[in-house]
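Colleague: Assemble the complex: chain A is given as a structure, and chain B must be docked to it using the hints.
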Amino acid sequence: MATSAEVSGTLPGGTQATPRNALLQVLRNGAPPDSTVSDPALDSPALSVDGKSPPGYTEGATGDAGEIADGTGFTYKQNPMDNPKSAKDILKNPNAVYGYSPNPLSERIGRFAEFDWTDKDIVARAREARLQYHKDNESMYNIVKGMQQNGLTVEEIARAANQQRNVNRLQSYIDTGNMSGYEKAVESNMRIFHNKFGMTADQAFAKYGSWDIVLAKAMSANAGMDACCGLYDDFYYLYSMGR
Amino acid sequence: MIQISIKHYDDNNDMVFITKDGNEIWGTMTMMQFEDDMDYFGIPVRLEEKDGQKGYVFSNSIDKELIREETKRFVEAHKLESITCF
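In order, the protein sequence lines correspond to chains A and B.
When we follow this note's numbering, the leftmost residue of the first sequence carries the number 1, and every step to the right adds one.
When we follow this note's numbering, the leftmost residue of the second sequence carries the number 1001, and every step to the right adds one.
Chain A extracted, bound-state conformation (with noise of 0.2 Å):
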């Protein structure tokens, strides 16, 4: 049987890469500011998605900070706008609960168009799910931002990202006492990418071409989805990782 050991690899300095000890090695070198993910939302009460047409879009924003969403009166402080990757899969729409909705073209977010973006009940149990995403990838993030502020570069970080991910995945399967689907997934990552733990970050730079790339998949923070859930600005440190 595997075993968390088995699943750790190594992180720059020779430490294993278990999720404790990555914690332990961010608290050695400075714990990362608080990023405790809470939100009222978590408490709203469950709605069904009734498949309203998504009411009338806008084009984009010209880029202004602090962008208003004049329905609401909800303010980011960062506009989504300015950031090439969420300005291509959002659409400004005043009458949304946080200003923006899904561009039904993105083919990363478009078929969330459908959903009615001005509707409250809808749109907190779309910004549950992502709350509850970020605070499942919360260990990862300060991990990086602590790798950050202790003036790492862009290509350790993203192997130290890359190889968190993998141990993470494997990780949960022992977790939860799943050894048939630890196995499979091991057996996976050998006949995909001849690696136990799964993709490696030379592998991933090959892939994608730069470490920024590499960082941000390892990431995987979509800072679309999240300026229509009205958390853009909390998550924003996010999206200049990888940049």
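Note that these hints are calculated values from the structure, not bench results.
All figures in this text were calculated on a predicted structure; none of them were measured in a lab.
It is possible that part of the hints are untrue.
Stated by the list, open to error - The calculated label-pair distances, taken between Cβ atoms and stated as ranges, are:
(1) A:S240 <-> B:D1039: 33 to 39 Å
(2) A:N150 <-> B:D1011: 27 to 33 Å
(3) B:Q1003 <-> A:S180: 32 to 38 Å
(4) B:E1081 <-> A:M179: 17 to 23 Å
(5) A:Q148 <-> B:K1050: 39 to 45 Å
(6) A:E183 <-> B:N1013: 20 to 26 Å
(7) B:E1065 <-> A:Q149: 38 to 44 Å
(8) A:D175 <-> B:P1044: 38 to 44 Å
(9) A:G110 <-> B:H1008: 24 to 30 Å
(10) A:Q148 <-> B:H1008: 44 to 50 Å
(11) A:D234 <-> B:K1079: 31 to 37 Å
(12) A:Q148 <-> B:N1060: 39 to 45 Å
As the list claims (entries may be wrong) - In silico PhoX-like cross-links for lysine-lysine, where the CA-CA straight-line distance does not exceed 20 Å:
(13) A:K217 <-> A:K85
(14) A:K135 <-> A:K145
(15) B:K1079 <-> A:K135
(16) B:K1079 <-> B:K1007
(17) A:K135 <-> B:K1072
(18) A:K184 <-> B:K1020
As the list claims (entries may be wrong) - Partner residues aside, some chain B positions facing chain A, computed with beta carbon under 8 Å:
(19) I1006
(20) T1028
(21) Q1033
(22) Y1040
All C-beta atoms in this analysis are idealised placements derived from N, C-alpha and C, irrespective of residue type, glycine included.
Modeller: Chain B in isolation, oriented as in the chain A frame:
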């Protein structure tokens, strides 16, 4: 309760459906970047609709049990049994 089922899609692909208490939860799965997650691990999937049901299409050259296990892992890792899904 979340259920995962895999069905035939076409000659080259199968499709995995995820429901919670009988309702599709593709919205939550995709909002949590399920496709990006699978792609990172070399198992590409894409959201499609068939017969009025949305699910994730994948090549039938990929082991169905791997898809099932990875989907289950994603559901458990993101605690989808505990949160409101859509």
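Colleague: Now, for every hint given, state plainly whether the structure supports it.
Modeller: Outcome of the hint check:
1. A:S240 <-> B:D1039: 33 to 39 Å: Violated, since S240 (chain A) and D1039 (chain B) (Cβ atoms, about 23 Å apart) do not stay within the stated range.
2. A:N150 <-> B:D1011: 27 to 33 Å: Distance hint for N150 (chain A), D1011 (chain B) is violated at roughly 53 Å.
3. B:Q1003 <-> A:S180: 32 to 38 Å: 18 Å Cβ-Cβ, so the 32 to 38 Å window is violated.
4. B:E1081 <-> A:M179: 17 to 23 Å: The hinted range 17 to 23 Å holds for E1081 (chain B) and M179 (chain A), with Cβ atoms some 21 Å apart.
5. A:Q148 <-> B:K1050: 39 to 45 Å: holds (44 Å)
6. A:E183 <-> B:N1013: 20 to 26 Å: holds (25 Å)
7. B:E1065 <-> A:Q149: 38 to 44 Å: holds (42 Å)
8. A:D175 <-> B:P1044: 38 to 44 Å: For P1044 (chain B) against D175 (chain A), whose Cβ atoms are near 26 Å apart, the range 38 to 44 Å is violated.
9. A:G110 <-> B:H1008: 24 to 30 Å: holds (26 Å)
10. A:Q148 <-> B:H1008: 44 to 50 Å: holds (47 Å)
11. A:D234 <-> B:K1079: 31 to 37 Å: violated (20 Å)
12. A:Q148 <-> B:N1060: 39 to 45 Å: holds (42 Å)
13. A:K217 <-> A:K85: Roughly 13 Å separates the two Cα atoms, so the pair holds.
14. A:K135 <-> A:K145: It holds: about 15 Å lies between the C-alpha atoms, which stays within 20 Å.
15. B:K1079 <-> A:K135: holds (11 Å)
16. B:K1079 <-> B:K1007: Judged against 20 Å, a Cα distance of about 24 Å means the pair is violated.
17. A:K135 <-> B:K1072: OK: K135 (chain A) and K1072 (chain B) at ~19 Å, within 20 Å.
18. A:K184 <-> B:K1020: Answer violated: K184 (chain A) to K1020 (chain B) is near 24 Å, above 20 Å.
19. I1006: violated (14 Å)
20. T1028: This interface hint holds because 5 Å falls under the 8 Å limit.
21. Q1033: With Cβ-Cβ at 6 Å, under 8 Å, it holds.
22. Y1040: The hint holds - Y1040 (chain B) has a Cβ within 8 Å of chain A, the shortest such distance being about 7 Å.
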